[in-house]
Amino acid sequence: MNPVLVLETLSVRYGQHWALRDVSTAFPAGAVGLLGPNGAGKSTLIRAALGLVVPDSGRVRVLGLDTQRAPLQVRARVGYMPESDAHIPGMNAVSYVAYCGELSGLPRTDAIQRAHEVLYYVGLGDVRYRNVEQYSSGMKQRIKLAQALVHDPDLLFLDEPTNGMDPKGRDEMLELVRDIAHNKGLSLILSSHLLPDVEHTCDHVIVMDKGAVVVSGAIASLKGPGGRVFEVRIKGDTARFASALGAAGLECHDSEEDVMRVFIPDERGASFLFQLAAEQRVQVRHLRPSVPTLEDVFVKAVGEK
Amino acid sequence: MPCGRAWWVMARTELRSSLTSRWFVVLLLVAWLPFVVRAAQIYFSSSVAQASFLSVTAQTFRDFLDQQSLFVFLVTIAMAGSIANDRRVNALQLYLSKPLTRVEYVTGKLVPVLVCLLGVTCLPAALLLLLQVAFSGGTTFLLANLYLLPAITLVSVLEALLSAFAMLALSSLSRSRRFVSIMYAGVIFFTAALHQVLRVVTGSRAWAAISPGDMLDVVAGAVFRSRIEPPVPVAAAVLVIALLIGASMWVLARRIRGVEIVT
Numbered sequence: 066m067n068p069v070l071v072l073e074t075l076s077v078r079y080g081q082h083w084a085l086r087d088v089s090t091a092f093p094a095g096a097v098g099l100l101g102p103n104g105a106g107k108s109t110l111i112r113a114a115l116g117l118v119v120p121d122s123g124r125v126r127v128l129g130l131d132t133q134r135a136p137l138q139v140r141a142r143v144g145y146m147p148e149s150d151a152h153i154p155g156m157n158a159v160s161y162v163a164y165c166g167e168l169s170g171l172p173r174t175d176a177i178q179r180a181h182e183v184l185y186y187v188g189l190g191d192v193r194y195r196n197v198e199q200y201s202s203g204m205k206q207r208i209k210l211a212q213a214l215v216h217d218p219d220l221l222f223l224d225e226p227t228n229g230m231d232p233k234g235r236d237e238m239l240e241l242v243r244d245i246a247h248n249k250g251l252s253l254i255l256s257s258h259l260l261p262d263v264e265h266t267c268d269h270v271i272v273m274d275k276g277a278v279v280v281s282g283a284i285a286s287l288k289g290p291g292g293r294v295f296e297v298r299i300k301g302d303t304a305r306f307a308s309a310l311g312a313a314g315l316e317c318h319d320s321e322e323d324v325m326r327v328f329i330p331d332e333r334g335a336s337f338l339f340q341l342a343a344e345q346r347v348q349v350r351h352l353r354p355s356v357p358t359l360e361d362v363f364v365k366a367v368g369e370k
Numbered sequence: 009m010p011c012g013r014a015w016w017v018m019a020r021t022e023l024r025s026s027l028t029s030r031w032f033v034v035l036l037l038v039a040w041l042p043f044v045v046r047a048a049q050i051y052f053s054s055s056v057a058q059a060s061f062l063s064v065t066a067q068t069f070r071d072f073l074d075q076q077s078l079f080v081f082l083v084t085i086a087m088a089g090s091i092a093n094d095r096r097v098n099a100l101q102l103y104l105s106k107p108l109t110r111v112e113y114v115t116g117k118l119v120p121v122l123v124c125l126l127g128v129t130c131l132p133a134a135l136l137l138l139l140q141v142a143f144s145g146g147t148t149f150l151l152a153n154l155y156l157l158p159a160i161t162l163v164s165v166l167e168a169l170l171s172a173f174a175m176l177a178l179s180s181l182s183r184s185r186r187f188v189s190i191m192y193a194g195v196i197f198f199t200a201a202l203h204q205v206l207r208v209v210t211g212s213r214a215w216a217a218i219s220p221g222d223m224l225d226v227v228a229g230a231v232f233r234s235r236i237e238p239p240v241p242v243a244a245a246v247l248v249i250a251l252l253i254g255a256s257m258w259v260l261a262r263r264i265r266g267v268e269i270v271t
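So the protein lines, in turn, are chains A and B.
The opening residue of the first sequence carries number 66 in this note's numbering; numbering runs sequentially from there.
The opening residue of the second sequence carries number 9 in this note's numbering; numbering runs sequentially from there.
Simulated from the structure, these hints should not be mistaken for laboratory data.
No experiment lies behind these values; they were computed from the predicted model shown.
Please note that a few of the clues may not be correct.
What the hints assert, rightly or not - Simulated pairs of lysine to any residue, SDA-like, Cα-Cα distance not exceeding 20 Å:
1) A:Lys205 / B:Val119
2) A:Lys300 / A:Val347
3) A:Lys249 / A:Asp217
4) A:Lys205 / A:Tyr194
5) A:Lys275 / A:Thr74
6) A:Lys205 / B:Asn98
7) A:Lys233 / A:Leu260
8) A:Lys205 / B:Arg96
9) A:Lys300 / A:Asp331
10) A:Lys275 / A:Glu148
11) A:Lys205 / B:Asn93
12) A:Lys205 / B:Ala99
13) A:Lys288 / A:Asp331
14) A:Lys300 / A:Ala335
Build the full structure now, drawing on both the sequences and the hints.
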C-alpha cells in the first residue's frame, strides 16, 4: 500500500533553531504514531505537511500530492486537529462544524447533515446547539476532532488529541481514535508524547527526537526483538549495578521509583542477573519477567535514562 | 464547492454573524437616518415651491457622504474584532488548514466590512440620486451631473477600502477587539489632531498628508469638482491613500499565518 505521507530530506528552521533537519521517512497507511518528547519536531512536521510552514529545504508529499505545489488539494483531503485550543468564535457546535465542512468544500446542506452525524459520533450530540465557547476542555478536544472529520478526509492529523482531558475523557478519545483507524478505514497520524496513547491506537510508530527521526516501524516488530525484559529492584549501590549491567552489554533504564527495566538481548536469563548482583554485592529484592513495551523502544531510541 | 470560493463562505457567515448583534443592526439603522432627512429634503424641494431653497445640487451628495463618515468610523469600530477574535481563539490555524489561501481568508474578512461600509455610504447616496430623479419627474439634474454616480461610487469605495484595510491590519496585530478599536480611533483622531497642530505651528497646509481623513477629503473634492483649493495635490492624496492601503496589505501578509513563530 502506498505511503500516505512521504518526507524527503525535509528541513525547517525557526530563526536559528532547526525544528526539523534532513528528515526523510514515509508514513504507511493506517494508524501511525508520531512519538517524541516536547520539542522533537512533531507539530512542525504536521504543519509542514499541511503547508502551514514553508520548509527551508526538502519536499513533503501527502497522499501523492506535493504540499508546496498543491497545498489546497492536500488540505481538501486531510483533516487536522490542532494541539492548542482552537475554534471559530460565536458559533454553536453544529454551525461551527458545518462551517468547517463548507470551508473544506462541502455544499451547505451536506455540511449541516455531516455536522450532526460527526457530532453524535464524537459524543457531543446532546450539546450540539450549545456555544462552543461554553464547552469544557474535553468537549473542545472532541469538537476539534469533529471539525477534522466533517468532510470525510482520507488522512487525519491528530496533534496531541488527549491534551487537557480527564482520565475518562482520555480513554473515550483514544477509543474514538482507535475506532476511526481500525473500523472507519481512515489513515491517521497521531502525534503525542504519551506512549500509552500511541501504543493503544496505532499500528506503526515513528519516533522523533531533536528534529530527526530516530526509529520507525511497526510497533509489534519494534517491541518484539529477540531478548527479554526484566523488572528489577535492588538494595545496594544502584549506580554501580547499572554500570555493571552496561559493561555486560545489557541495557537498563529506570521506570518508576527504584525499579529498573533490564533488557537482555541474548540467551542470558534471570540467573545471570542474580550472578551479577552477587558480584556487585547488592541484594535483588524484586525480579519479574516483563514484556517489551513501546516505552522500551522509545527510551532506547531517544536515549533517556 | 469550486476551489477558490471559500472566501464567499467566510464572508457570508461573517456578515450573518455581525447582523445577529442587535447593537450592530441598530447602528446600521441609525446610519440611514441622514438618508431619510435628505430624502425629505429632496421631496419637499421638488414638490413644494416654498421649499425651493432646499433644492439639491451636486454638493448635497458630497455633504451627505461627509456626514456618513461618522457612521463609516462607527461601523468600522464595530467590526474591529474581525481578525483579532480569530487570533484570540487560535482560529487562524483552523482556517488555514482548510483548502483556502491567505488571500481568500483576508477577502473573506474584507468583504463583509466593505458591504457594511458601502451600505451606509454608496447605497444611500445612490438611492438619493434615484429619489431626486423620481421626485423631480425628469432627468435634467441627472444629465447635468452625469459624473455624480461614478463620483459617489469612487469616493465611497475609496473610503471603505481605506477604512477596511486599516482596521483589518490593526485587527491582525492584536487578540483584543477593544484594543483594535482604540488603536483605530487613535490613528484617525491623532493624525487629524496632529495635522491641525502642525498646520498652526508651521503655517503649512501640506501637513494634511499625515491625516487619512483629510486625504480622502482632497480626493472627494476633486471627484466632486470642488472649487476649494486642496491643501496638497490630488495625486499626492491618492498616493498617500494607496500607500496606506499597501502598508495595511503588507501587515496582513506578515500577520496572517497558520503558525505564529516567535524567534
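For this session: Would you list, in rising numerical order, the hints stated earlier that this structure does not obey?
Result: 1 and 9
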